[in-house]
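**Student:** Turn these sequences into a full structure, and let the hints steer you where they fit.
Protein chains: 2
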Amino acid sequence: MEDFVFDGATRVVFGRGKEQEAGKEVARLGAKKVLVLYGQGSVKKSGLLDRVFRSLKTEGIQYSELGGVAPNPKVALIREGVKLGKQKGIELVLAVGGGSVIDSAKGIAVGVPYDGDVWDFSEKKVAPQKALPVGSVLTIPAAGSEASKYAVATSDDGPYPMKRDIVFVNNELIRPAFTIMNPELTFSLPPFQTACGVVDIIAHVIERYFTSVRDVELTDRLCEAVVKTVIHNAYIVMKDPTNYSARAEIMWAGSLAHNDLLGTGRAPDFASHMIEHELSAVYNMTHGAGLAIIFPAWAKHVYKHNLERFVQFATRVWNVEMNVFDPDSVAKEGIARLEQFYKDMGLPTRLSEMKIPRDRFAEMAEKSVKLGSIKKMTTDDVQKIYELAY
Amino acid sequence: MEDFVFDGATRVVFGRGKEQEAGKEVARLGAKKVLVLYGQGSVKKSGLLDRVFRSLKTEGIQYSELGGVAPNPKVALIREGVKLGKQKGIELVLAVGGGSVIDSAKGIAVGVPYDGDVWDFSEKKVAPQKALPVGSVLTIPAAGSEASKYAVATSDDGPYPMKRDIVFVNNELIRPAFTIMNPELTFSLPPFQTACGVVDIIAHVIERYFTSVRDVELTDRLCEAVVKTVIHNAYIVMKDPTNYSARAEIMWAGSLAHNDLLGTGRAPDFASHMIEHELSAVYNMTHGAGLAIIFPAWAKHVYKHNLERFVQFATRVWNVEMNVFDPDSVAKEGIARLEQFYKDMGLPTRLSEMKIPRDRFAEMAEKSVKLGSIKKMTTDDVQKIYELAY
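Same order as they appear, the protein sequences are chains A and B. Going by the working numbering, the first residue of the first sequence is number 4, and it counts up by one from there. Going by the working numbering, the first residue of the second sequence is number 4, and it counts up by one from there.
No lab work stands behind these hints, which were simulated from the structure alone. Be aware that a few hints might be false.
No distinction is drawn between identical chains; accordingly, a pair holds when it is met within one copy or between any pair of copies.
Straight-line alpha carbon distances no greater than 27 Å define the calculated DSS-like cross-link-like pairs of lysine-lysine that follow [what the hints assert, rightly or not]:
(1) 127 / 27
(2) 242 / 346
(3) 133 / 36
(4) 36 / 346
(5) 152 / 27
(6) 133 / 35
(7) 91 / 47
(8) 373 / 307
(9) 36 / 47
(10) 133 / 27
(11) 373 / 127
(12) 128 / 242
(13) 77 / 370
**Tutor:** As structure tokens, then:
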């Protein structure tokens, strides 16, 4: 096990109707003025936003609101939020939505106490020194942003490759103070979004799972527990979208997948996440859908570098029968079953199905951030993975 | 899944030599004066205490020290710590030791900002309103106190039943701010203490596992992951006490076992813990050793009330082959394997082996705190469990 620091500091309030406690949670932190951030308006139509506003009013909390956060969120809206937050003297940012809204809230949270432009943090010109607390009412289990120290945003400064989808901040300062999770809020998620969320959650776990660190039994088993639970319950919600129990399992799993607990003592391998980010940036693909295509291709390309753990993944997660005479076939069967699962979720698993041409693979491979624990990616590796994913 | 609030707020600093960062962790919290609490002096002999003191000095932190915390810790020493803490104006309590030391540190932490006697919290005369932050350098993986909101202490006011081992405080206020875990510090633990720690850790998990709440798949699997890891690594450390990796797995598992993560959405069943507490109080038995005796007896007494989960425990944790025609035998085999594991750890699993007479079972059953999720205990139940444990 490698040395680690774990700061699992996000308070989780979980259950039916808990969005009505948003005001109470803000009040616990002593904030009197908040900025409520949301996305494309579905939270308005559903009445969720009104319930949140009411709970703020009940606690005597003043609020400003800002809507319009888009998927693969833009820094322009973060800048707008920062400006508004400074004007209004806000003390906390409350995100009502999914990963993009929470990521944007984190951007605003580091931007308000900072004199320069918030994009400076992305370009590593400076490290954030202060942040407002962030809270959230989660509506989409996927990104895990509600309990993570990560935020991703896209600059709007021009066409690709200037327009890049990159990790914007990675800092304990932006780990949300609280998150409110009501699984009922996810009942209305369409199948495609549910599936993309499931893929993203599983990716967060297995990118930590596939590590070159050998002795990590506890977190291996915790990872397997989360993935098995998500797979089982994903099949249930696809048939029965208002199944509270299954929605609840996925929602709680989504937070644990990315709050770093499962990465303790491990060196994670975020290679496939980064390879996918290029797809999102160039073709505006939904991150989860892109991962369903890239992850199996990445796995096929690298599994021989960590055959033991791919065999373990196949036998423990997918119940592939062990074949001690041919572990290679066992590992490959595990990857095949993962790919089949993505198909069962109704997602494409090949770039060709998405009508994505092969002509920019070299350019994207060149631009991609290259990570990797079990195999550090090279441009050649990334290009091969795009080819395998075709 | 039941509604829950989860506040996993303890910062974990894990790895070789990390006790040298104690001062840095205290400084992060802005404390300038600390009380360093420890037990029977082994941390002095080993040089650990000196290393901690040095790290405090490096950060310019003033400290007072108080040693002498005993297993099944007494309120008298907590009172002494409160007095000293008030005199010296301490701002943080730093425990260097295991569960008893950390529990006592928590007592001091709520006692210092309180005008009355600290035992008032035990007798529920008042609820604590404030607490100093607590930190720890953990030396014994067992109680999980380093990341929990629980503390247990014993009053010294007379013989049993006045002298009771009871939950002293159960409050988010006392959840430690940080814990430092260096698995090397546990290399020198004797086999008996290692075994008792392992039993305590497993008990914390399975008392959450055995719940009457049905749909809790994620936490079921997380519980199984922790128990399987602890069992596997317990066998390793019994043969090879300086195996870093195995000690590390057990140490991290010990914290996750009791920080409430595994209990999220579940109603835990702490019946056997409470039944054991009487043994510790009357016969001054080590808590873990008592649990190795009580838990299997409790399980035999109640398993029919939740046959499904006992079958799941047997098949998933102990790899008992499923027998759909006779699930009862599967459940019993799981309990038998748990009992065998305790024996393999060198622990007695019967009261008769401990030469504990049967004559006070009725009195103890009468006095025992009676909890239970899958079966709420009655005096009759508890007495039967003592008999089964004989």
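**Student:** Find the hints from earlier in the document that the structure breaks and name them by number, from lowest to highest.
**Tutor:** 4, 12
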